[in-house]
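Using the hints, position chain H against chain B.
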Amino acid sequence: MTGSNRKPWLNKAGTPQKKHNMDLKDKLVSSFLAFENSVDVNHPVHDIRSEAIRNFEIKGFPSKKEEAWKYTSLNSLQKIDFSIFAREENGLEYRDVKKYFLHEIDTYKIVFIDGIYSSYLSETTHDGVDICLMSAALTKPMYQPVLEVYFNQAASREESLTSLNTAFSREGAYIYIPKHKAPKKPVEIINFSTGNEASLLLQPRNLIVVEENAELQVIERHQSLTENEVLTNSVTEVFAGRNAIVDYYKVQNNTENASLIDNTYIAQKDKSTVKVHTFSFGGKLTRNNLNFYQKGEYIDSTLKGVTILGAKQHVDHHTLVHHLEPNCESHQDYKGIYGEQSTGVFNGRIIVDKNAQKTNAFQQNNNVLISDRATVNTKPQLEIFADDVRCSHGCTIGQLDEEALFYLQTRGIPKKEASALLMYAFANNVLESVGIPELKKRINKLIANKLGVRLGFDL
Amino acid sequence: MLKIENLHARVDGKEILKGINLEVNPGEVHAIMGPNGSGKSTLAAVIAGKEEFEITRGKISFEGKDLDDTAPEERAHKGIFMSFQYPVEIPGVSVTNFMKTAINESRKARGMEEMPANQMLKLIREKSELLDIDRKFLSRSLNEGFSGGEKKRNEIFQLAMLEPKLAILDETDSGLDIDALRIVAHGVNKLRTKKNAVIVITHYQRLLEYIIPDFVHVLHNGKIVKSGGKELALELEEKGYDWLKQETVA
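Heads up: the sequence lines are chains B and H, in that order. 464 is the number that our numbering gives the last residue of the first sequence; the numbers go up by one with no jumps. 269 is the number that our numbering gives the last residue of the second sequence; the numbers go up by one with no jumps.
No lab work stands behind these hints: they were computed from the structure. Cβ coordinates follow ideal geometry from the N, Cα and C atoms, glycine included. Take the hints with a grain of salt, since some may be wrong.
Stated by the list, open to error - In silico lysine-lysine, DSS-like type, Cα no more than 27 angstroms apart, as pairs:
| hint | chain 1 | residue 1 | chain 2 | residue 2 |
| --- | --- | --- | --- | --- |
| 1 | B | Lys-421 | H | Lys-127 |
| 2 | H | Lys-209 | H | Lys-170 |
| 3 | H | Lys-84 | B | Lys-420 |
| 4 | B | Lys-445 | H | Lys-155 |
| 5 | B | Lys-145 | B | Lys-276 |
| 6 | H | Lys-69 | B | Lys-420 |
| 7 | B | Lys-446 | H | Lys-69 |
| 8 | H | Lys-155 | B | Lys-450 |
| 9 | B | Lys-280 | B | Lys-363 |
| 10 | B | Lys-30 | B | Lys-84 |
| 11 | B | Lys-421 | H | Lys-84 |
| 12 | H | Lys-127 | B | Lys-420 |
| 13 | H | Lys-184 | B | Lys-421 |
| 14 | H | Lys-184 | B | Lys-420 |
| 15 | B | Lys-450 | B | Lys-280 |
| 16 | H | Lys-127 | B | Lys-446 |
| 17 | B | Lys-420 | H | Lys-78 |
| 18 | B | Lys-450 | H | Lys-127 |
| 19 | B | Lys-421 | H | Lys-170 |
| 20 | B | Lys-420 | B | Lys-446 |
| 21 | H | Lys-209 | B | Lys-421 |
| 22 | B | Lys-421 | H | Lys-97 |
| 23 | B | Lys-420 | B | Lys-190 |
| 24 | H | Lys-127 | H | Lys-97 |
| 25 | B | Lys-300 | B | Lys-276 |
| 26 | H | Lys-22 | B | Lys-420 |
| 27 | B | Lys-421 | B | Lys-450 |
| 28 | B | Lys-455 | H | Lys-127 |
Said to hold, decoys possible - Simulated restraints, written as ranges between beta carbons of each label pair:
| hint | chain 1 | residue 1 | chain 2 | residue 2 | range |
| --- | --- | --- | --- | --- | --- |
| 29 | B | Ala-391 | H | Ala-90 | 36 to 42 angstroms |
| 30 | H | Asp-261 | B | Asp-393 | 20 to 26 angstroms |
| 31 | B | His-398 | H | Ala-136 | 40 to 46 angstroms |
Bound conformation, chain H alone:
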């Protein structure tokens, strides 16, 4: 599904990603862990198509097609979704209207008719129940005055509504208490199928107790320095990230 080969990327002239290789297949959950500044969020943003991030070498392909020069919205239309660490506030535009716009723009891009209003309402009801979201919440302005937990839950609600093939969760666990974490993880798990894949980006192992990864990759200094099964996450939790520094020095 997603294939990243020898990816090098620069932000503001500084090389952040220095040769990433990663392959994600349908049905898989990959966790990318690493200390602050290792390039985790940059990797997520590059996959989602952030224009300010310049790919200097290597490539990213999705379902066999090179994503080079593909705008973020086109990537979304192809089925790539990224949950933001810091979602943006849009006063005056309700969660519901925002979702309508997002869904219908994707449908338009795929040559489909707009979703009928009753079907849209049904979908909204269904997905908001899944994430335990209050109906009143849906008529509030997008992310405006939302608590940290509400913002993250809203991100996963959008994920549920858009049903992407590949979901990238960028630090979705940060700022969440344990109850909110459970709800979010439950939502993500409910949405998993054999056809879609998830990349969980996190600093801590905590979220991975609820969203069980098939693969864990350790990112350090712009490279994947170690890959393994879910037990690697536990190992990291125990040892912290200091051993990485020692290893690279040695």
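If we strip away everything but chain B, and leave its shape as in the complex, we get:
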């Protein structure tokens, strides 16, 4: 049962005393006033926040009655008495959290502990590019021109959870890569939660702008360090200018009481290439709302995912690729391996506008159920208004191929290891396109761990 680890007496001093039946929506709406005391209400962004809280107040949390939330229920999460503002400054030693970083290589790091920036664990830069904090961008006048052009311009103003994040947007990663620039190393955005709160709601807000001919690699991770309840409602906006290249990796391997609602909005201009890889290996409930808007010609968008779940974990991938202009491509390839009582959802929506002739949209979702009690719901959703397009899609749900398993066993490889090899082979083409070799190695190790095997070589 959710919330079994709750220790209500540990709640942050100073937050309003919680009534047990106060619903999470009411609590959030009423907390907005307290939030306003801590931000500059005269900043133009605050009008956007105010508008957003109104939208959330009207709509509230999505329910299973809505088609987009048919298979993912937020009911039990809403019963948890989440702290909305964490205590100030929770120290962590690097050695204790080193394993969550891609420490094999040098990276820029933007690190938050319980939603609060940790300068100690971070490595930011202003050397030709800005890899820093949303809080700085929101308060320092020099960033205002960029914010005015981009902030909340890709994110939905209708979707209630995005509005909720927008209303409370104050902290997160701010990355600005000017024309023709490329940072020397990848950027890691890591959100730790320490468990100092019995249950904590986090709402990071990231803004990433990669201008014309610029490049960026990002690795994003949400990591809870205890079994306490955490709900992260994150919004990330990515703007890729003409010819820009963005490579984005989401590593989701969280603890059993950590839930994540990831709302990512990507707006692309002519000839830009954006790839998002989502690796979902853990967490209680994960909802990925990944939205691509192709606002130019000759754009390439890639959405790939590997999901490996067990226990009662739940992952819901909702993708949207909106082709607005001609001559663009999109490639979606999601692989899922579901064990025990885990559940998965893939809903891939592709919209091809009337104007978007010569679109080439590819979508593939393949799933393997390795337990009788695991379930997957997969649905392509194609809305095509142009006549000269190539769209292909396919979904499969199956079991491991018995003949293949037998083949490996006859070579002396025990069933468990043989299954792991087959699952690895199944997920392999998603891994092939990972552009950071050390990350690829890491993901391979996570997969081997997740499958509970040690093979004679690194996967």
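Structure of chain H alone, referenced to chain B:
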């Protein structure tokens, strides 16, 4: 070495093997021939331990021990190898890494240490030369995009690497041109010793020109209907399998 007594086996509730008796001793080559659907591949799979195939009567023993309830991997560890008619593709796992895993799992099961890397490399080099396999081939994903001939050659390469006591070649000749057939047969012959045995399962006599059998058995309708020396294979080639149908009718 291998002793099969009155073996009956079912696949999907249908009886395919209906009383097979076969004894294979070290150093021997047995050919099992027969028309399509006679039960040849089922027999191979049952010896290798395929779980979906249910033995309803009789038994299989290997080196004096009943193989009942022995998993396919344990049979492999005991020294039984089967070359597949349709080998499986494993993207992302190279031939070399696959062999390393297979060899070390067998060694582990036998209580041995992992094979040292340099020894493994030497073995791979030696065996790939035997089968005329290009070095580049070894770093490719297992069977992925391999031609029919490459897949079969790779099967025999695995056979050479694992050095089993009993090798079962299931339709290894199908889909091979004459040059590939020669290479494969040469590989198998090179590996023959007085201690190991081979069962060649084939529809045609062709492969048996290169791998000379000591015994030929004709399988029909789930039973061995005739056994003889290598000349029986030639007789079959000449007469085809139609005489079998007549005989069973009569």
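Checked hints:
1. The hinted pair formed by B/Lys-421 and H/Lys-127 meets the criterion: a straight-line CA distance of about 15 angstroms does not exceed 27 angstroms.
2. For the proposed pair H/Lys-209 and H/Lys-170, the alpha carbon gap of about 19 angstroms is at most 27 angstroms, so the pair holds.
3. As the CA atoms of H/Lys-84 and B/Lys-420 are separated by approximately 22 angstroms, the hinted pair is consistent with the 27 angstroms bound.
4. Restraint check for B/Lys-445 and H/Lys-155: satisfied, since their Cα atoms lie roughly 23 angstroms apart, inside the 27 angstroms limit.
5. Of the supplied pair hints, the one linking B/Lys-145 and B/Lys-276 is violated, its CA atoms being roughly 32 angstroms apart against a limit of 27 angstroms.
6. The hinted pair formed by H/Lys-69 and B/Lys-420 meets the criterion: a straight-line CA distance of about 12 angstroms does not exceed 27 angstroms.
7. Annotation: proposed proximity of B/Lys-446 to H/Lys-69 is violated, straight-line Cα distance about 34 angstroms (limit 27 angstroms).
8. About 26 angstroms separates the Cα atoms of H/Lys-155 and B/Lys-450, which keeps this hinted pair within 27 angstroms; it holds.
9. Restraint check for B/Lys-280 and B/Lys-363: satisfied, since their Cα atoms lie roughly 21 angstroms apart, inside the 27 angstroms limit.
10. Our distance criterion of 27 angstroms between C-alpha atoms is met by B/Lys-30 and B/Lys-84, whose separation comes to about 10 angstroms.
11. Under the criterion of a C-alpha separation no larger than 27 angstroms, the hint pairing B/Lys-421 with H/Lys-84 is consistent with the structure, at around 25 angstroms.
12. For a cut-off of 27 angstroms, the pair hint linking H/Lys-127 to B/Lys-420 stands: about 15 angstroms separates their Cα positions.
13. Restraint check for H/Lys-184 and B/Lys-421: the C-alpha separation of about 25 angstroms stays at or below 27 angstroms, so the hint holds.
14. For the hint pairing H/Lys-184 with B/Lys-420, the CA-to-CA distance comes to about 22 angstroms; that is within 27 angstroms, so the pair holds.
15. Of the pairs offered as hints, the one joining B/Lys-450 and B/Lys-280 holds, with about 22 angstroms between alpha carbons and a cut-off of 27 angstroms not exceeded.
16. Distance restraint check for H/Lys-127 and B/Lys-446: the Cα-Cα separation of roughly 25 angstroms lies within the 27 angstroms cut-off, and the hinted pair is therefore satisfied.
17. Only pairs whose Cα atoms come within 27 angstroms are accepted, and B/Lys-420 paired with H/Lys-78 is accepted, the gap being roughly 24 angstroms.
18. Taking the CA atoms of B/Lys-450 and H/Lys-127, the gap is near 22 angstroms; set against the 27 angstroms cutoff, the hint holds.
19. Distance restraint check for B/Lys-421 and H/Lys-170: the Cα-Cα separation of roughly 25 angstroms lies within the 27 angstroms cut-off, and the hinted pair is therefore satisfied.
20. Under the criterion of a C-alpha separation no larger than 27 angstroms, the hint pairing B/Lys-420 with B/Lys-446 is consistent with the structure, at around 24 angstroms.
21. With a C-alpha separation of about 34 angstroms, the suggested pairing of H/Lys-209 with B/Lys-421 is violated against the 27 angstroms cut-off.
22. Restraint check for B/Lys-421 and H/Lys-97: satisfied, since their Cα atoms lie roughly 19 angstroms apart, inside the 27 angstroms limit.
23. With a CA separation close to 41 angstroms, the supplied pair B/Lys-420 and B/Lys-190 exceeds the 27 angstroms bound.
24. A C-alpha spacing of about 12 angstroms is found between H/Lys-127 and H/Lys-97, which places the hinted pair at or below 27 angstroms, so the restraint holds.
25. Between the alpha carbons of B/Lys-300 and B/Lys-276 the distance comes to roughly 10 angstroms, so the proposed pair stays at or under 27 angstroms and holds.
26. With a C-alpha separation of about 26 angstroms, the suggested pairing of H/Lys-22 with B/Lys-420 holds against the 27 angstroms cut-off.
27. Our distance criterion of 27 angstroms between C-alpha atoms is met by B/Lys-421 and B/Lys-450, whose separation comes to about 16 angstroms.
28. The suggested pairing of B/Lys-455 with H/Lys-127 holds, with an alpha-carbon distance near 23 angstroms, which does not exceed 27 angstroms.
29. Against the hinted window of 36 to 42 angstroms, the Cβ-Cβ separation of B/Ala-391 and H/Ala-90 comes to about 55 angstroms, which falls outside the hint.
30. The beta-carbon spacing between H/Asp-261 and B/Asp-393, approximately 57 angstroms, falls outside the hinted interval of 20 to 26 angstroms.
31. At about 45 angstroms, the beta-carbon gap between B/His-398 and H/Ala-136 stays in the expected band of 40 to 46 angstroms.
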